[in-house]
Structures are given as C-alpha cells and as structure tokens.
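Number of protein chains: 2
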Amino acid sequence: MNRGTCAISGLVVLFVASISPGQQVDPLPSWNDGAAKKSILDFVRVTTAKDSPKYVAPAERIVTFDQDGTLWVEHPMYTQVIYCLERVHVLAKAKPELKDVEPFKTVLSGDKAAIAKLSFPDLEKILAAALSGMTVEEFNVEVKKWLATAKHPRFNRLYTELTYLPMQEVLKFFRANGYKTYIVTGGGQDFVRAYAEEVYGIPPEQVVGTMEGIKFGYDKDGKPTLIKEPKLLLNDDKGGKPEGIHLVIGRRPYAAFGNTAGDQEMLEYTTAGAGARLGMLVLHDDATREYAYGPANGLPDSKIGTFSQALFDDAKKNGWTVISMKNDWNQIFMWDKK
Amino acid sequence: MNRGTCAISGLVVLFVASISPGQQVDPLPSWNDGAAKKSILDFVRVTTAKDSPKYVAPAERIVTFDQDGTLWVEHPMYTQVIYCLERVHVLAKAKPELKDVEPFKTVLSGDKAAIAKLSFPDLEKILAAALSGMTVEEFNVEVKKWLATAKHPRFNRLYTELTYLPMQEVLKFFRANGYKTYIVTGGGQDFVRAYAEEVYGIPPEQVVGTMEGIKFGYDKDGKPTLIKEPKLLLNDDKGGKPEGIHLVIGRRPYAAFGNTAGDQEMLEYTTAGAGARLGMLVLHDDATREYAYGPANGLPDSKIGTFSQALFDDAKKNGWTVISMKNDWNQIFMWDKK
Chain A
1 MNRGTCAISG LVVLFVASIS PGQQVDPLPS WNDGAAKKSI LDFVRVTTAK DSPKYVAPAE
61 RIVTFDQDGT LWVEHPMYTQ VIYCLERVHV LAKAKPELKD VEPFKTVLSG DKAAIAKLSF
121 PDLEKILAAA LSGMTVEEFN VEVKKWLATA KHPRFNRLYT ELTYLPMQEV LKFFRANGYK
181 TYIVTGGGQD FVRAYAEEVY GIPPEQVVGT MEGIKFGYDK DGKPTLIKEP KLLLNDDKGG
241 KPEGIHLVIG RRPYAAFGNT AGDQEMLEYT TAGAGARLGM LVLHDDATRE YAYGPANGLP
301 DSKIGTFSQA LFDDAKKNGW TVISMKNDWN QIFMWDKK
Chain B
1001 MNRGTCAISG LVVLFVASIS PGQQVDPLPS WNDGAAKKSI LDFVRVTTAK DSPKYVAPAE
1061 RIVTFDQDGT LWVEHPMYTQ VIYCLERVHV LAKAKPELKD VEPFKTVLSG DKAAIAKLSF
1121 PDLEKILAAA LSGMTVEEFN VEVKKWLATA KHPRFNRLYT ELTYLPMQEV LKFFRANGYK
1181 TYIVTGGGQD FVRAYAEEVY GIPPEQVVGT MEGIKFGYDK DGKPTLIKEP KLLLNDDKGG
1241 KPEGIHLVIG RRPYAAFGNT AGDQEMLEYT TAGAGARLGM LVLHDDATRE YAYGPANGLP
1301 DSKIGTFSQA LFDDAKKNGW TVISMKNDWN QIFMWDKK
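Chains A and B supply the protein sequences, listed in that same order.
Per my numbering, the first sequence starts with residue 1, numbered consecutively.
Per my numbering, the second sequence starts with residue 1001, numbered consecutively.
It cannot be assumed that every hint is accurate.
[What the hints assert, rightly or not] For each label pair, taking beta carbons as the anchor points, the in silico distance ranges come out as:
| # | chain 1 | residue 1 | chain 2 | residue 2 | range |
| --- | --- | --- | --- | --- | --- |
| 1 | B | ASP1042 | A | LYS223 | 22 to 32 Å |
| 2 | A | GLU137 | B | GLU1229 | 30 to 40 Å |
| 3 | B | ASN1318 | A | GLU229 | 18 to 28 Å |
| 4 | B | PRO1053 | A | ALA148 | 27 to 37 Å |
| 5 | A | GLY201 | B | ASN1297 | 44 to 54 Å |
| 6 | B | ALA1274 | A | ALA287 | 47 to 57 Å |
| 7 | B | GLU1229 | A | GLY275 | 23 to 33 Å |
Because the hints were derived from the structure by calculation, they are not lab data.
Here the structure is a predicted model, which is why all the values come from computation and not from measurement.
Cβ atoms here follow ideal geometry from the backbone N, Cα and C, with glycine treated the same way.
Model the full structure from these sequences, guided by the hints.
Now the structure itself:
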C-alpha cells in the first residue's frame, strides 16, 4: 500500500465516521419513552446486531401486523364494511330487484338505526354480494375509486389518512433493519391490497387476509380472467391468522402486532418460536384523540375490536407488551400535530 | 472540489470502468445460441433498461416457474409421489392395520406392476395419508430427511441434483435483473418449500403450490401448532395456477415458464397482460440425456407431464417460445459435463 492509497482510506474512514453513530436519529419520534418503545428498539437491536446471540438472518426476518385497529382506525365500523354497505346502492342500480330483498332492502332504506341492527349473517350476505362477481382488476379499481373520496364520519378525513403515525414509524423502522413487513388481516385480502402499497409501503404479495374464492375463466373476447366468487377460502381471524401466515409466507414471524382477541393466536404462534420474539397489542384508551374501548382495564365494551380482560391478562403471562395509545403515543395521526 | 477529491473521483471512475461493460459474461452459458436464448435475453433487456418503452418497475418484476419437468426431472414419476409411496411403509409401522386396507396393501406389497396400475383416486388417498396428520415443522423435517438419501432410479443421483442447469441460470439471471422468482407448482406447496430455498434459492414465501388445509391448535403441552389436514384448499394446476398466483402474489407475472398443458392457463394469464410478456415451454425431446415425451411433434405419449399437440400449436399462436432440450441446451445437469 502506498501513501496515496493510505490517504484515500483515511478520508473514507473519516467520512463514514462523520455520518454514522454521531448523528443517530430517533426512528420512533412519535413514541414516548417507556416500556413499549423500548421493547421495539431492544428487539430490533438484538435480532439484527451481527454479534448478538439472538441474531436473526435477514431471510428469516418476518414481522406481521394486524390492520384494523392496529395500523388504522376501526371505529365506529370497519372501513371494508362501510364500503360494502355503500356498494349496495351501486349494485341496486344494476339489479333493481334488490330493493325488495332483505338485507339489501334495509341497507337501501338508509335507516341508520335499522342498518346498525343488521345481524352477522345479514352482513355476510352483504359482503358476499359487494365483494364478488367482478374481475380482480375491476374490484381493485372500484376500491381505489371509493377510497379517493369516502370520508370518516368523525374525523372528516379520507380513511387512508387515518393510519397511526407511530405504527407507520414502526413499519419503516423494521424495514430499515431488513425485516419484511406483512399485513395479516381479518379484512378481505384483495380489499387491503388495493391500498396497502400506497398507504403502508406494503406490496400485494405481503398482504395476508381473508381469502375469497377466485375462478379462472375467459371473457367474451376470449381474454383470461379471474372472477371473484362469493366463497370463503380462509377466514383470516383467530386461528386463521397463523394458518394464513403459513399458507402465504411459510415461515413463523419473529414479531407480531395486533389489538384484539382475533390476533391472540397470531401472537401465540409468533412468540412460541425459539430465540427473541416480540408480541405487541395496541390498547385503545384515548377517547379524546381516537377511541377508548376494551373491555380490558375498565374501558367501555365494544362490538368492533374487542380487547378482553382475558387477553390483557394473557399478554402479561406471555410477555407481550401492551401499547397505551394515550401514554405511549405523543402523536396519533400524521395531520394531528402536537 | 479540490484537486485531492478530483484524484479520488478519477480513481473510482477508472475502477468501476474496469469491472463493468468490458467484461460482460454470458449469463446463460449452457444455452446454445438460438431463438429460445434470444427471447429470454431480449425480454429481460427491454423490461429492465431504464430508457426502454417497455420498462417494468422493479416492484412489478415477477416471473413464475412450474417445477416438475420445468426446473427438474419429472420422469418416470413425480418425486412427491415417490416420496408418498415410500412414506406408506413408515405409516404402516405406526398403523399396522394399513396392511389390510387398499390401496395401502398394494403399496406395501412392493409389487411394482400393481403399484404402477393404481388409479388416480387411489393415489389421492395415498397422498392425503402421507401429507397430513403432522405439524408443518415435522413434515418439513421428514421431507428433508428423505431427500438427503433417496435416489432417482435411472440417474442414481439425489432428486435435488436433477435440476436443469440451464433453468438454474435463468433463475439467477432474472434475479440479477431485479425479478422476484416464484415457483408455481401442481406439487404440494409444503413439499416444495422443504427444499426450494437450498436447491433454487427460492424462499418459502415465493413457492405457490397445491395447498392442503392446515389447522391451528395446541399440543399436549399447550404449545401452539399447525397440523396438516387431508383437505384440498387449492389444486394449483391448470386454472388453479393463475388462481394460486392471485392468492399468494396478487400481481400478474411478466414472464412464465412451464412444460405441460397444466401450465397453459398460467401462460395465458401472464402473456395477456399489457407491455412485454414472456411465455416459455420446455419440450422434453432428448431421450439420450434426459427423456423424450410429448405427444407434441411426434414424440412418444406420456401420462406424466403431457405436452399435447394442441399446446404446441397454441404456443405458436400465442407467441410463446418452445425450448428444445435437445437443441437449446448444451448441458442439462450440473454434473453432466460436456
């Protein structure tokens, strides 16, 4: 090595030193310091530092996130259900006979009290009708079109603006550390895929959701098509979450985030693996900035997104961390400036 | 910029120039020059050159490969079927009563002629028994263990040594150009996942296959488990291939490789998309180095991996390229030196 090369090496070393450890930026600025933030930072550090005994190879770095109530607002009703209810009006234009058939008749009446009282089997009929009978491409376009204008009743914002800033930071932080971020949702897989890439930076192949049947065929011009069918292939909720994870990913995640009893099995499956594992649950305890519902910890009961006392107790037993929206997040939405 | 920085920049430019365009290596050395090789090189060039009107963004770059007969040998019988037949002997140790129950009785008799005559429903019973009743982890271990010793009857090599070198080059070439390589196989998804990463560099989440049901539950120690069930969720063959692609990937591939009528719908779906698309079919016309079967183009008929004359004609009509093993590949296996 001659002196010239030494000089260059020296410059490179100085340059690298000047941009790395000295200027460490907080990757989770909308998280208050506390146990929740610390558990995320610690987990990522011990699984990615090369000299860590709990190091996880990059190919194995999988983290899964429930969507409704974990990444974005799920109250007063799941966005997909609102989409389906509004979609009934579009369907009725093509099929006017729906006006005389329940439960469509009730939905078309616009009677909010009656709609709120629809039974679960009735809602299933509405979902099946609204989510099938078109090509996968047509469905994707319809959902995107609806999301471009539909607004949340309380916040008067697009639904896609109701993602939690602290969770967006978590998604980016995991990805910056070589983790593949997956959504694992009880919502329809195709519904969530329509916006997950734009809204969360999560591509369609990293969305695991409730799977409706699709049927290959040809249109009238002989062009191959995939038509969405009113048939349930996988209910990606509770035990269906680890099942969906195996079907689509085929690896056990190292970390999982959820917010209800529907996520319990995903967290159990994730944290039962060897090595460092992370299980986290968002508790909605901030009625002022978002919503407050449990019924864990004395919070009001809820039909949408139930965080039971049993889940709260299990979290403690299993070493899962409960995230308090009220105490752990200094900002909730991108537009909700401090 | 001072003179020192200029000198460094100059060195870097010289260094980069010395390793790139001047030393272009053929990415497909076991392919003879011809239409097949050219169609692959041209497709990758026009979809990845930034200034190409047919440029495809990296996130959209998906290429799918059938496995049996496209990436590795499928004659005289699919590897997974051989595994299942041999597995019956293991099952009979735990359940001796199988010795008196057909079709297990025939398999256990070792009578090769009788085994070869087993009906399709009988084979389905054998597959269901051999591929279910254990956790997904146990199954993975069993398959790996079997593949470590089981040998092909003609080549006397491990099955995992019977991948086609030209196709291994294609996989690497696509990946080097930012494509995500997926296997889309009629074989069991979990069976292929057990070796796809080691054998092809394809991770579990990029294997789409025939999906058997799995059931979440708990073992006697209360540990969460996923048990494989004898239930067909998706038959990933023919129209099931584009359906499986949508379920797991959620994007239309830009290129697809297959070798039988079971791959036709995948190629139709792939090449019906806008922009540059590539459809390719491997024709087994080399009885000396591998096998020869069609019945397209006057080749002998086959029950395993049928390349019909109709498919051969459709390929021409649809602009798909037929790969002749005999003429397009100068080497077939890694160990089969020229």
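How the hints compare with the structure:
no., hint, result
1, B/ASP1042 - A/LYS223: 22 to 32 Å, "25 Å, holds"
2, A/GLU137 - B/GLU1229: 30 to 40 Å, "32 Å, holds"
3, B/ASN1318 - A/GLU229: 18 to 28 Å, "26 Å, holds"
4, B/PRO1053 - A/ALA148: 27 to 37 Å, "29 Å, holds"
5, A/GLY201 - B/ASN1297: 44 to 54 Å, "48 Å, holds"
6, B/ALA1274 - A/ALA287: 47 to 57 Å, "49 Å, holds"
7, B/GLU1229 - A/GLY275: 23 to 33 Å, "28 Å, holds"
When each numbered hint is compared with the structure, no violation occurs for any of them.
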